[in-house]
Amino acid sequence: MDTNFSAEDLAFRQQVEQFYDDNFDDDLVSRLLDRRQFRDAIIEWQQRLFRQGWVAPGWPEEYGGTGWTLTQKFIFEDVRASKGAPDVIPFGLIMVGPVIYTFGNDEQKERFLPRILNSEDWWCQGYSEPGAGSDLAALQTKAERDGDDYVVNGAKIWTTYAQYADWIFCLVRTSNEGKKQEGISFLLIDMKSPGITVNPIPTIDGVHSLNEVQFDNVRVPAANLIGEENKGWTYAKALLQHERTSIAGVGDSKKKLATIREQAGREQSNGAPMIEDPMFSARLAGIEIDLMALEYLELRSLASAADGKGPGTESSLLKLRGTEIRQALDELHMDLAGYYAGTELGEQLASELGHDFADRARNSYMYGRAATIFGGSNEVQRNITAKYVLGL
Amino acid sequence: MDFKLTDEQNILKDSVTKFVADRYELESRRGYLREENGFSADNWQQFAELGWLSVPFSEELGGFGGSAVDLMVLMEELGKGLVVEPYLATVLLFGGALAEGTNKELKTSVIPEIIEGNVQGALAFHERDSRFCMHDVATTAEKNANGYVLNGQKTVVYNGMAADKFIVSARTSGARRDESGVSLFIVDASSNGLSRAGFTMMDGQRVANVSLSDVSVSNDQLVSDLDDGLAVLNALSNNALVALAAEAQGAMQVLYESTVEYSKTREQFSVPIGSFQVLQHRMVDMFGACELHRSLLYRAVCSVDEDSANRDPVDVAKNLHALKTSVGRAGKQIGAESIQIHGGMGMTDELAVGHYVKRLMMINTCLGDADYHQRCFAALANA
Chain S
1 MDTNFSAEDL AFRQQVEQFY DDNFDDDLVS RLLDRRQFRD AIIEWQQRLF RQGWVAPGWP
61 EEYGGTGWTL TQKFIFEDVR ASKGAPDVIP FGLIMVGPVI YTFGNDEQKE RFLPRILNSE
121 DWWCQGYSEP GAGSDLAALQ TKAERDGDDY VVNGAKIWTT YAQYADWIFC LVRTSNEGKK
181 QEGISFLLID MKSPGITVNP IPTIDGVHSL NEVQFDNVRV PAANLIGEEN KGWTYAKALL
241 QHERTSIAGV GDSKKKLATI REQAGREQSN GAPMIEDPMF SARLAGIEID LMALEYLELR
301 SLASAADGKG PGTESSLLKL RGTEIRQALD ELHMDLAGYY AGTELGEQLA SELGHDFADR
361 ARNSYMYGRA ATIFGGSNEV QRNITAKYVL GL
Chain Y
1 MDFKLTDEQN ILKDSVTKFV ADRYELESRR GYLREENGFS ADNWQQFAEL GWLSVPFSEE
61 LGGFGGSAVD LMVLMEELGK GLVVEPYLAT VLLFGGALAE GTNKELKTSV IPEIIEGNVQ
121 GALAFHERDS RFCMHDVATT AEKNANGYVL NGQKTVVYNG MAADKFIVSA RTSGARRDES
181 GVSLFIVDAS SNGLSRAGFT MMDGQRVANV SLSDVSVSND QLVSDLDDGL AVLNALSNNA
241 LVALAAEAQG AMQVLYESTV EYSKTREQFS VPIGSFQVLQ HRMVDMFGAC ELHRSLLYRA
301 VCSVDEDSAN RDPVDVAKNL HALKTSVGRA GKQIGAESIQ IHGGMGMTDE LAVGHYVKRL
361 MMINTCLGDA DYHQRCFAAL ANA
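Chains as they are written, first to last, in my numbering: chain S, 1 to 392; chain Y, 1 to 383.
If a hint is listed, it holds; no wrong ones were tucked in.
Straight-line distance between alpha carbons at most 27 Å, and here's what the computed DSS-like set of lysine-lysine pairs gives:
#1 S:K309 / Y:K13
#2 S:K387 / Y:K332
#3 S:K192 / S:K142
#4 S:K180 / S:K237
#5 S:K387 / S:K237
#6 Y:K107 / Y:K143
#7 S:K142 / S:K231
#8 Y:K104 / Y:K143
#9 S:K109 / S:K192
#10 S:K73 / S:K237
#11 Y:K264 / S:K387
#12 S:K309 / S:K73
#13 S:K309 / Y:K4
#14 Y:K4 / S:K73
#15 S:K73 / S:K255
Honestly, the hints are just simulated from the structure, not real lab data.
Just so you know, these numbers come straight off a predicted model, no measurement behind them.
The shape of chain S in the complex, shown without the other chains:
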């Protein structure tokens, strides 16, 4: 039992760090932080990764992956987070890409995969519906066969970045026979199709990322069906596995914790830095200890996957604890900002306010409430763990 990295692994880490030093520059960072420039900036960043050949470490090499070992993937993710770089937009690269190369036909692979890899197409996810949240299989958006097309009617909700998207991958109902999971199909839909309406949903973080997408007699070529009709639930479940392996967010939480500790050394209270406040210091230490445990839970999960045992039973736990820790850090960050914590800067600058992190702490706290809701709510994760791990 050991956690030593090999000399090759350490050399790899240096190579990745060098790439970040050369490519993740200050100009890009400031554009990523500016909501108005975010879309173009994140595409530019993903294209830099693509040109390096590193945009899809999770994909098989034949489709444009890296062929890295699990340890290398872990190192790559760790460096990304430590540099404060954003994750790639997941909908194409993490979610639909693997479904297409696993279950799609050759024509679909040739048509869609290259444009996902080079970020030409922006994808969004059409799963949840107004009447189907945690009970996803209750979805009602209908796709009826009409000649060479499906005709789609219904509505999807909580669709992140639908306003930017060229394509949406949808779970649609193609049958009402048998169990509700068995009448679902996986359909790729062009967002420019007539009959699609995108309605923004303003959220409590003050940012427009979520939408409702309505489908009114939208005609979709049957060639855009993934795999077989009525097998979409199986494909979607396979995708959820991909979504969940990296969901612990260890690297990002480590970065946030280090930022909070650094800022707490500057923020003053009663003539002393907040880091010397016993209550604050104890809370920070408590969260760091939880995060250290989570980090090794993830390493154990990686090691077990490398042995061919699959991420398995820990994956729900990684999501549960990862999101709880993220929210605990957001809460501590808000508290550190004191009465500045409510600030919504909007068009104003942090320098005009006289406080450099309050607005971002607020934004992260409010948006971060979603972490325990999306990707299968934490209550659903507990149900899954009770059933499949505890055998209840």
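With chain S fixed as given, assemble chain Y onto it according to the hints.
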């Protein structure tokens, strides 16, 4: 990166598992606790024959030269069995002080006796007001022509009634809470001026309050360098903390698993209580606490066992503080939930549940509780 056990470690694990299965039915355990010293002398001889008493000692002292992982494997299985023999007190605290100490004569004479199972020892380092601070020492050792004279009161000495020998922390210079000026002495239980009063803790272990009244010791009874006993105490805690955390892991595992099993068989409202979502979620959190504690345990043993070239002492210390914090927090969570989900049966002395819970609570208070270690962790992390 690899979290698998070696073949040798699997053999060690199997031998402890077998011992526990053969000798640690709850009724047998009650019998051992009723014996004079609160454990079985026969079992102790078995420990010696199976080589377990040699695990942490170096090969030149006749030991096995075991790693932190070896010790973890042994202690986790002992924890599952709720084993009462004083491995921690004699081997890791008393023996650990000798091994980490600087007195070569004592190492070569006493450690082989520990390994053979011929000696019971105890480390007398608690005092009434010292709490978890090992350099808060009011007991004095005054120099005279022949050596030193010890005076003071040592409290809650683990294995203090069975001990043939004690290692006592006493102040040879400085003020009561100075880090420097603490020295360690080995003292025979039969020494003139030493008296002890025994009592029983909630987990069944026998401890003693030890009174030292003009106890004379010679210079060669000094275990540490003069005034530098704290370094020895700090060093021996590395192994002892790993051992306690591994023992706690075993106890938590048994509690979590037996609670889930119980919930599948206990019926109320005509269904197993494990079908209730409110209980399922609580048991998932017990599972989570168990797995996260194991993750910190692996993190700590891997850092302790790291080659000296790559070993970062601050990193090791942080990992151990985090681990012992988790022992207290996870142990209490799992313990309390186990009793709650067992309902009235969880309150009975008949079931093993309560006995595991009480052992976990005693492990929390041994060598610093969760709050103490979280405070130490914060001090290091903010430094």
